[in-house]
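Novice: For reference, the chains in residue letters:
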Amino acid sequence: MTSSIGFAFASPNAKDVREKHEQKLFEIDGISGVSVDESTNEIVVYTEDAEKGKKVPKSLDGINVKQEVIGKITALSTTTLSRTTSYNPVFGGISVGNPYITAGTLGLVTTLTLNGNQVALSNAHVLALDSRNRFLPKVTTPIYQPGVYDGGNNGDTIGYLYNYIPISFNNNRANNKADAAIATLTILGNVGDVLDADNINFYHISGTVTANVGDTVRKSGRTTDVTTGIVTSTSASVKVSYGGKWALFKDQIVVGTPGFSAGGDSGSAVDINGKFTGLLFAGSNTVTIVNKESNIIEQLGITI
Amino acid sequence: MAMTAQTQLPNQANNKAIEAARMVKERHENAIFNIDGVVGIGIGLSGTEPGKVVIEVYVKKPAHEMKRMVPEVLEGIPVEIVETGEFVAL
Numbered sequence: 013m014t015s016s017i018g019f020a021f022a023s024p025n026a027k028d029v030r031e032k033h034e035q036k037l038f039e040i041d042g043i044s045g046v047s048v049d050e051s052t053n054e055i056v057v058y059t060e061d062a063e064k065g066k067k068v069p070k071s072l073d074g075i076n077v078k079q080e081v082i083g084k085i086t087a088l089s090t091t092t093l094s095r096t097t098s099y100n101p102v103f104g105g106i107s108v109g110n111p112y113i114t115a116g117t118l119g120l121v122t123t124l125t126l127n128g129n130q131v132a133l134s135n136a137h138v139l140a141l142d143s144r145n146r147f148l149p150k151v152t153t154p155i156y157q158p159g160v161y162d163g164g165n166n167g168d169t170i171g172y173l174y175n176y177i178p179i180s181f182n183n184n185r186a187n188n189k190a191d192a193a194i195a196t197l198t199i200l201g202n203v204g205d206v207l208d209a210d211n212i213n214f215y216h217i218s219g220t221v222t223a224n225v226g227d228t229v230r231k232s233g234r235t236t237d238v239t240t241g242i243v244t245s246t247s248a249s250v251k252v253s254y255g256g257k258w259a260l261f262k263d264q265i266v267v268g269t270p271g272f273s274a275g276g277d278s279g280s281a282v283d284i285n286g287k288f289t290g291l292l293f294a295g296s297n298t299v300t301i302v303n304k305e306s307n308i309i310e311q312l313g314i315t316i
Numbered sequence: 046m047a048m049t050a051q052t053q054l055p056n057q058a059n060n061k062a063i064e065a066a067r068m069v070k071e072r073h074e075n076a077i078f079n080i081d082g083v084v085g086i087g088i089g090l091s092g093t094e095p096g097k098v099v100i101e102v103y104v105k106k107p108a109h110e111m112k113r114m115v116p117e118v119l120e121g122i123p124v125e126i127v128e129t130g131e132f133v134a135l
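Heads up: the protein sequence lines correspond to chains A and B, in order. Residue numbers for the first sequence, in my numbering: 13 to 316. Residue numbers for the second sequence, in my numbering: 46 to 135.
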């Protein structure tokens, strides 16, 4: 009984009045927020600017309404980057390819030792081989980012095939050591930057290191993003299927962690603590095969 | 200095063993590749004996089928069969 009498005689409460009118207040254009100042029993309306505040009532149900200009409130969201759309400038870890294949990964933007010009590093079978595994002409073969499978076309040309390490196919005596190629860039690139696991930030690759059995390695690829794995062999010889052809590769790194890579990750730069250790190019259901940096860098004439 | 030397010793021993195994592997590589179902050969560490350097033979057929054809030891280096499946360009 006492409480009901208390209610009946209480002066209007700003909290209750605010709740009653909040929806109506937000319908006024230029209102960013509504609150209550309990110390003064007032309703507070936050506005984008003083002009827009003119439409706000001075009082509601006997409660004073005061205004504060705070500007427009925008959500502090960070946009994650898709690995299969086009970028300018380009960086490591995104879709790339010549017009005749599906898509692989742009491993790293690096520079030519000769003149410092920027180039994109990936696999030969991503940049330099057609769908029948024949080598394409240097200088005139365009490189799309993203690759054709991800919607890339002539308008997405980021540069041209510049150099590759030849691969000898269907040859038992072949001494292939790398499936690697570079393309010149006609747009800008971010040298050494690779898209990180959150698809927002970048990690940086600079310098090189030799992989040893037991090392933890990392890659950033078009399909499986950033993954880490353990090196289980560093001098493997493997027979790799190229859809109709095969090639024998020697002196390869084996990463024995299932799920380290999948189709489309070809060309990913593999690093140990930010130092380049190899180029991902092949795999089976359980392991991934990586070319050693020492069989790539000088052969292509690049500096990492 | 003493600490560094101590921690480096096992690695050096390991590298020596890996290099020795690599030379054995090279001598037998062609013969191993001629075995039907073999897709690769490498040097790694034993899956059963920690720290032991072994020659790994990668196969695309079930390991129990390959056991009859792949030697267990090459010039004193143990051989382990690893069922990887076929390697494809990704």
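Hint data in this document are derived by calculation from the structure and do not stem from the laboratory. Note that the structure is predicted; figures quoted are calculated from it, not measured. No residue lacks a Cβ here, since even glycine has one placed at the ideal position from N, Cα and C. Heads up, some of the hints might be wrong.
For the chain B half of the interface with chain A, some residues (derived, Cβ under 8 angstroms), not all of them [to be verified]:
1. 122
2. 129
3. 132
Novice: Against each hint, give a clear statement of whether it holds in the structure.
Specialist: Hint check results:
1. Among the interface hints, the one on residue 122(B) is violated; its C-beta lies about 13 angstroms from the nearest C-beta in chain A, farther than the 8 angstroms criterion.
2. For residue 129(B), the interface hint holds, the least distance from its beta-carbon to any beta-carbon of chain A being 4 angstroms, beneath 8 angstroms.
3. Proximity of residue 132(B) to chain A holds as hinted, the smallest CB-CB distance being about 5 angstroms (cut-off 8 angstroms).
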